[in-house]
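> Heads up: the sequence shown runs through residues 1263 to 1644, numbered per the working numbering.
Please keep in mind that the hints were generated in silico from the structure rather than gathered at the bench. We put the CB at the ideal spot given by N, CA and C, even for glycine. Hints may be right or wrong, so weigh each one.
Unchecked claim - Here are the simulated lysine to aspartate or glutamate pairs, EDC-like style, with alpha carbons at most 20 Å apart: (1) Lys1471 / Glu1482; (2) Lys1348 / Glu1319; (3) Lys1381 / Glu1414; (4) Lys1554 / Glu1584; (5) Lys1381 / Asp1432; (6) Lys1449 / Asp1391; (7) Lys1449 / Glu1414; (8) Lys1471 / Asp1432; (9) Lys1381 / Glu1402; (10) Lys1314 / Asp1338.
Unchecked claim - Now the in silico label distances, taken between C-beta atoms and shown as ranges: (11) Gln1539 / Gly1408: 20 to 30 Å; (12) Gln1585 / Pro1523: 19 to 29 Å; (13) Gln1541 / Ser1436: 48 to 58 Å; (14) Gly1357 / Pro1289: 18 to 28 Å; (15) Leu1617 / Gln1448: 53 to 63 Å; (16) Tyr1542 / Ile1598: 34 to 44 Å; (17) Pro1618 / Arg1479: 48 to 58 Å; (18) Ser1290 / Ser1351: 20 to 30 Å; (19) Ala1547 / Gly1357: 17 to 27 Å; (20) Gln1577 / Gly1408: 27 to 37 Å; (21) Gly1404 / Ser1298: 38 to 48 Å; (22) Leu1617 / Pro1523: 20 to 30 Å.
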Amino acid sequence: MNREQRRKAAKQRAESHSSSNLPTSLPSDALSMARSLHKSGQLQQAQVLYAKILQSEPNNHQLLNYFGVLKAQIGDRVGAIELLEKAVSLDHSFGYLNNLGNVYRAANRLEDAVNCYQKALQLNPESADSHLNLGIALTEQGEITGAIQAFESALSANPYHPRAHITLGDLLQSQGELDRAIVSYQKAIALQPESFEALTSLGMAFYRKGYLQESQRTYEHALAIDPFSTAALSNIAATFYEQGRMDMATACYREVLNIQPQSPDAHINLGFLIGQQGQYQEAAAHYQQALKLEPHSNRAMMGLAELLAAQEQWQEVIPLCEQILQANAELPNRQIELQEARTHLGIALRAVGDLPGAIAQFERECGCDRGQIGVDKLLKSV
């Protein structure tokens, strides 16, 4: 038996021992005991005790609700739904309906989730959390107008609900309503000044509005809270880049790689930045490392191809572009990748003297043939 097998066996013995410590005959306060175990995070023991109580009290709606919530916590959605559906059938409780709605949503049963939240709101129309949950489910259904109305109802019920402000802001930002999104995030931050999520979302909204200094300051605030957030570091790097501060953008991506050295995206982004600064050898090394981590990355292959093209290393550009074309030929929604690869391949083929091959690539990119465009005209254009 190896070390890992011994560790698993010891864990199983410990769980078995802890379960055996539970009383064999149930005391009158068994449900309270189980609930206490549940709240303290002792889920294995709580599950065993809930199951024992259920054998003697199969129609105890409180037990069914608690046990259903626990099942959801441990990832048993089927078991959770079965228990919570029975709890709701026995007692049409506001809380039970919300819990069932949450599990339905986690199981991607969005219509059922919406129905549960709506029924809960009929019982308690002033529940901000139920309006919020309804809005999230409607968002996932693609019902944007209804989702916005639900979030606004949550805030009418409780204007001091940071989560509702953030969630509304995220939805508005996704719809391009940046001014309204910014207001929502600012309200959340007024309530929770150290909300990392609200700050990073606000930073992105400022960036998309073109308010680069405001975006930078907001990300700096977020990074003061969590200096190891690779997402925030990457986003502030983009803000520095747009301001022309290449040194700061580069430093940010180097820090991302210090934290997460196996990130293909960070290698690609750093390769792009230092390539623009003429550091071709190091840039190529980052693109190559990205391809080791993610061999079929279009971004890494195209970035490396563009870097080699800048150095007029056409013989190395050609196979990279051909690889991109082959990898994306049968995939939907890859027209941009195909067009870029054909353009670079055509330029490379022309540079090495293969004019017929270059013409063929440009014709494909234009969606035309030699009968539509004269060869002389095409040659002039390239």
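> With reference to the structure, classify each hint as holding or not holding.
Here's how the hints hold up against the structure:
Distance hint between Lys1471 and Glu1482 is fulfilled; the C-alpha atoms sit about 18 Å from each other, no more than 20 Å. Taking the CA atoms of Lys1348 and Glu1319, the gap is near 13 Å; set against the 20 Å cutoff, the hint holds. Taking the CA atoms of Lys1381 and Glu1414, the gap is about 18 Å. The hint holds against a cut of 20 Å. Pair hint Lys1554 plus Glu1584 holds up; C-alpha atoms about 18 Å apart against a cutoff of 20 Å.
Using a Cα cut-off of 20 Å, the hinted pair Lys1381 and Asp1432 is violated, with the two alpha carbons roughly 26 Å apart. Distance restraint check for Lys1449 and Asp1391: the Cα-Cα separation of roughly 18 Å lies within the 20 Å cut-off, and the hinted pair is therefore satisfied. Of the pairs offered as hints, the one joining Lys1449 and Glu1414 holds, with about 13 Å between alpha carbons and a cut-off of 20 Å not exceeded. Note on Lys1471 and Asp1432: the hinted pairing holds, with a Cα-Cα distance of about 15 Å set against a maximum of 20 Å.
Using a Cα cut-off of 20 Å, the hinted pair Lys1381 and Glu1402 holds, with the two alpha carbons roughly 19 Å apart. Distance check on the hinted pair: Lys1314 and Asp1338 sit about 18 Å apart at the alpha-carbon level, within 20 Å; holds. Checked against the given bound of 20 to 30 Å, the beta carbons of Gln1539 and Gly1408, roughly 49 Å apart, lie outside it. Checked against the hint of 19 to 29 Å, the C-beta distance between Gln1585 and Pro1523 comes to roughly 25 Å, which is consistent with it.
Hint check: Gln1541 to Ser1436, Cβ distance near 36 Å, so the stated range 48 to 58 Å is violated. At about 26 Å, the beta-carbon gap between Gly1357 and Pro1289 stays in the expected band of 18 to 28 Å. For Leu1617 paired with Gln1448, a C-beta distance near 58 Å keeps the hint of 53 to 63 Å intact. The hinted range of 34 to 44 Å is not satisfied by Tyr1542 and Ile1598, whose Cβ atoms lie roughly 25 Å apart.
At roughly 55 Å, the beta carbons of Pro1618 and Arg1479 sit within the given window of 48 to 58 Å. Roughly 26 Å separates the CB atoms of Ser1290 and Ser1351, a value that falls within the hinted 20 to 30 Å. Ala1547 and Gly1357 have their C-beta atoms about 57 Å apart, which leaves the hinted 17 to 27 Å range violated. Taking 27 to 37 Å as the suggested C-beta distance range, the pair Gln1577 and Gly1408 does not conform, at roughly 57 Å.
Checked against the hint of 38 to 48 Å, the C-beta distance between Gly1404 and Ser1298 comes to roughly 42 Å, which is consistent with it. Look at Leu1617 against Pro1523: about 44 Å separates their beta carbons, and that is not inside 20 to 30 Å.
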